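*Asks:* What follows is the residue order along each chain.
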Amino acid sequence: MTAGDLVTAEHLSKWYGQVIGLNDVSVTVPAGITGLLGPNGAGKSTLMKLVTGQLKPSKGSLTVLGEPIWRNPALYRRIGFCPEQDAFYDRMTGLEWVTALVRLNGATDALAGAMAGRALEMVELTDAAHKKIGAYSKGMRQRVKMAQALAHDPDLLILDEPLAGMDPIARRKTIRMIKDWGRAGKGVIVSSHILHEIESMTANILLINQGRILAEGNVHQIRDLIDEHPHTVHVRADQTRALAREFLGHDDVLSLKFEEGAVVVQTGRPDAFYTRLTDLAASGEHGAIHEVTSPDDNLQAVFQYLVKS
Amino acid sequence: MTQPARPAEGAPGLLSSAGRVFDLSLGQMLWSRRSVFLGVLLGGPVLLASALRIAATLYASGLKINGVQAGGSAIFGMMIWLLYLRFIVPVLGVFYGTSLIADEVDDKTITYLFTRPIPRSAVLLGKYFAYLVCTVLLVLPSVMLVFFLVVPTGQGAIAGAFPSLVADLGMLAIGLAAYGAVFALVGTTLRRPLVLGLVFAFGWEPAVLLFPGYLKRLTVAYYLQALVRHEMPQDSAVSMLMQVFREVPTVSTSLLCLAVIVGLTLWLAGRAVEEREYVLEQ
Amino acid sequence: MPIHDQGYRRYGGDKTRGGTGWIVITRAGIRTFFAKRAFLGLLLVSWFPFFVRAVQIYAATNLPQAAFLAPTPETFRQFLDQQQIFVFFVTVYVGAGLIANDRRANALQIYLSKPLTRAEYVFGKLAILMAFLALVTWLPAIVLLIVQISFAGNFTFFKNNIFLFPAITVFSFVQVTMVATAMLALSSLSKSSRYVGILYAAVIFFTQAIYGVLYAVTRSTSLSWISFSANLSQIGDVIFRQPLKYDTPWPVSLMMIAGLIVISGVILERRVRGVEVVA
Chain A
169 MTAGDLVTAE
179 HLSKWYGQVI
189 GLNDVSVTVP
199 AGITGLLGPN
209 GAGKSTLMKL
219 VTGQLKPSKG
229 SLTVLGEPIW
239 RNPALYRRIG
249 FCPEQDAFYD
259 RMTGLEWVTA
269 LVRLNGATDA
279 LAGAMAGRAL
289 EMVELTDAAH
299 KKIGAYSKGM
309 RQRVKMAQAL
319 AHDPDLLILD
329 EPLAGMDPIA
339 RRKTIRMIKD
349 WGRAGKGVIV
359 SSHILHEIES
369 MTANILLINQ
379 GRILAEGNVH
389 QIRDLIDEHP
399 HTVHVRADQT
409 RALAREFLGH
419 DDVLSLKFEE
429 GAVVVQTGRP
439 DAFYTRLTDL
449 AASGEHGAIH
459 EVTSPDDNLQ
469 AVFQYLVKS
Chain B
32 MTQPARPAEG
42 APGLLSSAGR
52 VFDLSLGQML
62 WSRRSVFLGV
72 LLGGPVLLAS
82 ALRIAATLYA
92 SGLKINGVQA
102 GGSAIFGMMI
112 WLLYLRFIVP
122 VLGVFYGTSL
132 IADEVDDKTI
142 TYLFTRPIPR
152 SAVLLGKYFA
162 YLVCTVLLVL
172 PSVMLVFFLV
182 VPTGQGAIAG
192 AFPSLVADLG
202 MLAIGLAAYG
212 AVFALVGTTL
222 RRPLVLGLVF
232 AFGWEPAVLL
242 FPGYLKRLTV
252 AYYLQALVRH
262 EMPQDSAVSM
272 LMQVFREVPT
282 VSTSLLCLAV
292 IVGLTLWLAG
302 RAVEEREYVL
312 EQ
Chain C
23 MPIHDQGYRR
33 YGGDKTRGGT
43 GWIVITRAGI
53 RTFFAKRAFL
63 GLLLVSWFPF
73 FVRAVQIYAA
83 TNLPQAAFLA
93 PTPETFRQFL
103 DQQQIFVFFV
113 TVYVGAGLIA
123 NDRRANALQI
133 YLSKPLTRAE
143 YVFGKLAILM
153 AFLALVTWLP
163 AIVLLIVQIS
173 FAGNFTFFKN
183 NIFLFPAITV
193 FSFVQVTMVA
203 TAMLALSSLS
213 KSSRYVGILY
223 AAVIFFTQAI
233 YGVLYAVTRS
243 TSLSWISFSA
253 NLSQIGDVIF
263 RQPLKYDTPW
273 PVSLMMIAGL
283 IVISGVILER
293 RVRGVEVVA
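Chains as they are written, first to last, in our numbering: chain A, 169 to 477; chain B, 32 to 313; chain C, 23 to 301.
Keep in mind the hints are simulated off the structure, nothing from the lab.
Errors might be hidden in some of the hints.
For lysine-lysine, the following DSSO-like pairs were computed, each having C-alpha atoms within a straight-line distance of at most 27 angstroms [claimed, not checked]:
id : chain 1 : residue 1 : chain 2 : residue 2
1  : A       : K300      : B       : K139
2  : A       : K224      : C       : K58
3  : C       : K58       : B       : K139
4  : B       : K139      : A       : K299
5  : B       : K139      : A       : K306
6  : C       : K213      : A       : K306
7  : C       : K58       : C       : K181
8  : A       : K299      : C       : K58
In silico contact screen, one side only, chain A against chain B (beta carbon under 10 angstroms); selected entries [said to hold, decoys possible]:
id : residue
9  : T220
10 : G221
11 : Q222
12 : K224
13 : K227
14 : A242
15 : M260
16 : L269
17 : K425
18 : F426
19 : A430
Predicted, not measured: the structure shown is a model, and the values here were computed from it.
We put the CB at the ideal spot given by N, CA and C, even for glycine.
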């Protein structure tokens, strides 16, 4: 653990009765933007609720910004949380609601109003600030939720599925805002089950499944970690059948399939495979090889690899 | 990117935080559908009082209680007992008290309050004060209307009975405070507080008041009834039995005990909220 | 390559179990409540008066000194009267969330998108509450009758009071139907089971309290029709051939009960819909 770490969990477990939500998790979330990825029911929400102090760890320890979070309300001065649920006081206007919540952070009435106004400006809701939240569209509701999380200028912003329900333009703006927030030296933990969303915000990810952390760190580092898993290579060439015959002569090739003008290979030793492929391309023995791509570079593939394993 | 300024360091204290939660909650509570419904319910006694006033005007002989000519004050006192003390105050207590935190949990808005730099018990306390103001604002106009409609009947005099109205209003406010605190505790400690709340208000309390001994001291009604200046009505066999075993503690004892009930139950409720994990339905 | 329509298609299969869909709802509901320990505790407590009465009957039939405790038709009437408090709590516990919880979870649309009619849905929910209410009214009263026969070792009491079996059945049915339909209607009005429970308590106790005031002022029981509890009591006395407690003619009480059931039916008809159309 280093001084700048946002979250440190050691042997953290959480169970609800006999159901395990999080199972013996030890993880450190560094400064910057971190994406929390996992399918529904993976334990993302449990981890988010633990990190935001809504749940008490059943076992293990958890510190946020260097302090335990459970029953430590003072720490919320430095944290902004945008929950997943679409829940509001519908009869209040966006400005009233954000102002009321900022007042709970200790701001005076005048300051709270100004801070709420600025936060709504940041999420581009100034025009709708005086409209009742009940009349907001799904995307606007999502943005006003963001506004209440960042209005008090927190050091750590925790966002649970923040892009859900937003239209593509709002989505792009929000992603940009999150990246700006990270560049300004703030910590951001953002969860999603849509991989490209996270990929567009950060390379630093935490993969979670069945209550356990599958992998953590830079997406490329994670890629290195999973080299023992089958690696898919898409080879577009003139003579795909001849190439296939050649590939099948080696033990590391696990399976083959044909697509239009291409052969898709699964290999257990990608380094050896790429070396041979480079030689083949250079010799021209089996015709021209036009393109070699690996869908594994995509975050989706990394995730699928890890979940399947 | 323009970033908002940060509030001054130092989180607000318990009472200051409770005040801020109160500000946030009062409007929500006052203009909720539940308050509208209870407003309609509280219109019932007013309608009844209007009917009695009309009847008293039409029939020159006036109104009787137990066959005896009754003054407006006596009828008003009976309504305070039967409608407000035994029914409306406990119902309001159960309805709002058990919902103080549960409503926010059901609506999934509790997260916004529990992720702020204020003690969780301040959320409960702020909501409790909002409940108190909201219910007092609902009950007192209804009582006053009933008073002005009923008391003048049967040669009753408003001026003479007015001190009694003030005492009744105070007693009802204290009742709302006590029941609200008790049911706030029930609401924060149990998953399904309603049934137990109803058992307490309409099962336990009326039942143990029928028995001699100490059990009745474990009720709110025992102390609250000591603050009522009107005679207890004998509208049924149960009421008569209650009258037989009725012990009346002194006003000061009652006030002290009610204050202890409020303080203790709110403290326990606050502790329960601090300790409890709220898992929201997905 | 054929392109298949991926849009929504109405169920086109056979509805072989037509008219019996409610059984699925009822069975699931009953199982759910039987799995709750608190509810089982409530059921157990609600049988306590039965055990007291059983001891009374045992003493009366076996101990000459306790002959004065011998059961009469009034004993059964009183027993069902005593069960009213448990009827109230079971109704609140079971009934409050029956439709409200489905509305809260938007499950009503899912139910009604199945081969299940609205009537079947309502009937299924109604049957859950009625079954549990019968468990605290009809069943213990009938078992008490059987207990009397067993302890007495003869059918004399039963033969002399042959009307008791139908009386218990009819009164329990009237009570259970009134209470269950009223609660179900209230449950369809809100998404919060807590509000529904309070609403129900308010209706029951408020009508009783208003009647209490009117009785105290007028000293006449002819206004008892205002109170639903009094109406039920009046009908109970008629069914059990007991002297009537109130001056309200019993057909008026019956009409009030029928009126409540009809109003509840109308509310259910309007509120139980897959899609709520807001004007």
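*Asks:* Are there hints from earlier that the structure breaks, and if so, what are their numbers?
*Replies:* The structure conflicts with hints 7, 8, 13, 17, 18, 19, although it agrees with all the remaining ones.
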